[in-house]
Amino acid sequence: MGMRRLLLGLLPLLLAGLPARYLVQDASSRAFGHPLPGLPEEALEAFRLGDQAFQRVFVREDGLGPRFVHQSCAGCHVGDGRGRPLFAERSEALVRTRAPDGQSPHPLFGLQLQDHALPGHTPEGRVELYWEEMEGRYPDGTPYRLRRPRLRVLDLEGKPVPGVYSLRIAPPVFGTGLLEKVPEAAILALEDPQDEDGDGISGRAARLEGGLGRFGWKASTASLLEQSALAYREDMGLSTPLFPEEGRAEVSEEELERVTFYVAHLAVPAPRHLPEDLRGKRLFREVGCASCHRERLGGLPAYTDLLLHDMGEALADGVAEGAASPAEWRTPPLWGIGLTRKVLGEGVYLHDGRAQSLEEAILWHGGEAEEAKRRFMALPKADREALLRFLRGL
Numbered sequence: 002m003g004m005r006r007l008l009l010g011l012l013p014l015l016l017a018g019l020p021a022r023y024l025v026q027d028a029s030s031r032a033f034g035h036p037l038p039g040l041p042e043e044a045l046e047a048f049r050l051g052d053q054a055f056q057r058v059f060v061r062e063d064g065l066g067p068r069f070v071h072q073s074c075a076g077c078h079v080g081d082g083r084g085r086p087l088f089a090e091r092s093e094a095l096v097r098t099r100a101p102d103g104q105s106p107h108p109l110f111g112l113q114l115q116d117h118a119l120p121g122h123t124p125e126g127r128v129e130l131y132w133e134e135m136e137g138r139y140p141d142g143t144p145y146r147l148r149r150p151r152l153r154v155l156d157l158e159g160k161p162v163p164g165v166y167s168l169r170i171a172p173p174v175f176g177t178g179l180l181e182k183v184p185e186a187a188i189l190a191l192e193d194p195q196d197e198d199g200d201g202i203s204g205r206a207a208r209l210e211g212g213l214g215r216f217g218w219k220a221s222t223a224s225l226l227e228q229s230a231l232a233y234r235e236d237m238g239l240s241t242p243l244f245p246e247e248g249r250a251e252v253s254e255e256e257l258e259r260v261t262f263y264v265a266h267l268a269v270p271a272p273r274h275l276p277e278d279l280r281g282k283r284l285f286r287e288v289g290c291a292s293c294h295r296e297r298l299g300g301l302p303a304y305t306d307l308l309l310h311d312m313g314e315a316l317a318d319g320v321a322e323g324a325a326s327p328a329e330w331r332t333p334p335l336w337g338i339g340l341t342r343k344v345l346g347e348g349v350y351l352h353d354g355r356a357q358s359l360e361e362a363i364l365w366h367g368g369e370a371e372e373a374k375r376r377f378m379a380l381p382k383a384d385r386e387a388l389l390r391f392l393r394g395l
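The opening position of the sequence shown corresponds to residue 2 in this note's numbering, with each subsequent residue numbered one higher.
Just so you know, these hints were derived from the structure itself, not from any lab.
This one's a predicted model, so the numbers in the text were calculated from it and none came from an experiment.
Hints should not be assumed to be uniformly reliable.
[Unchecked claim] Derived Cβ-Cβ restraints for the label pairs, each shown as a range: (1) E134 with E247: 44 to 50 angstroms; (2) Y145 with R286: 22 to 28 angstroms; (3) E247 with L275: 55 to 61 angstroms; (4) R286 with S105: 41 to 47 angstroms; (5) G367 with R249: 44 to 50 angstroms.
Cβ coordinates follow ideal geometry from the N, Cα and C atoms, glycine included.
Turn these sequences into a full structure, and let the hints steer you where they fit.
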């Protein structure tokens with residue numbers, strides 16, 4: 002059976018067996034890298050080949066660059082999860098770039114900064130990242146600390162370059178094949194752009210040329226195939242059949258399909274809740290978290306609605322992308338989020354990695370989520386910890 006037949010034909014058959022065939026029991030550092038349970042041997046071989054393509058380190062002879070962000074998919078998606086806000090010899094993050102108006106491509110960098118280059122070439126610029134720390138207190142007097150990123154993009158002479166810049170870490174890739182199969186009707190049924198029910202939540206679907214946006218922090222792509230091809234082009238400077246350069250592709254159709262097949266067939270780690278964690282789940286609902294982090298979407302316990310929500314000025318990045326405004330972000334799935342620290346070795350949350358704990362991530366919520374955050378902050382400390390313990394069990 003050819004790779005394309007596997008890619009296009011096999012996944013719908015596998016998903017017919019919901020709800021039990023996409024969860025794996027693993028809470029180790031390898032929790033995000035398992036194939037969907039029950040794959041036939043032929044599909045497992047395709048999955049292994051896709052894993053090799055995902056791990057492949059590209060070099061000059063493969064067409065890398067000459068400017069790039071990283072040399073492999075796995076270099077940013079650590080353990081098939083998220084990356085860190087690092088800019089070093091090998092970055093795990095990237096910078097979206099716009100002209101000062103926030104809409105137009107940057108006159109020097111286009112839509113994304115390429116901060117690495119092959120020998121004999123120069124990168125487009127250099128990133129300086131530092132963290133501004135903030136302090137606050139809960140209504141009960143408990144102190145907390147937050148941090149937010151401050152970016153400077155410098156030219157090759159070390160001079161700051163004006164523009165609008167958005168720090169992004171790579172999001173997790175496990176479970177994305179399942180999300181791709183959620184019917185559009187299930188997503189559209191959750192829309193309430195005019196907040197007609199008066200609950201303060203006005204999520205809307207990202208309507209794109211190729212369908213509803215589901216992937217990326219701002220739901221800017223509609224399919225995993227397109228998402229993979231864009232990553233090759235924007236992060237590694239590699240052309241593909243979807244985005245050829247001068248009529249040729251440096252990544253073959255077969256390799257693009259292998260990587261997409263691999264990502265589409267990654268399983269989701271099963272929740273690890275104890276009976277006492279039901280209290281935290283109840284609080285998750287009562288506070289209002291579940292208004293956007295829907296417990297089920299299309300039959301999947303992904304804790305997302307895949308809609309765009311205005312998250313307030315504190316998280317706004319100044320960059321309009323796809324159908325999203327600068328303040329809008331796609332509700333990220335929460336399944337597996339409790340294993341982030343185990344897989345990555347540290348806590349890294351939100352689009353730019355500013356939150357070092359799930360508690361910090363909640364405290365950054367604003368806009369449509371402001372009231373839910375206020376309710377969380379008003380909880381007694383024991384209840385806040387119960388809710389966080391529930392999240393850590395996902």
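Evaluated hints:
1. E134 with E247: 44 to 50 angstroms: holds, 48 angstroms
2. Y145 with R286: 22 to 28 angstroms: holds, 23 angstroms
3. E247 with L275: 55 to 61 angstroms: holds, 58 angstroms
4. R286 with S105: 41 to 47 angstroms: holds, 42 angstroms
5. G367 with R249: 44 to 50 angstroms: holds, 46 angstroms
Figure legend: structure checked against the earlier numbered hints; every hint is met.
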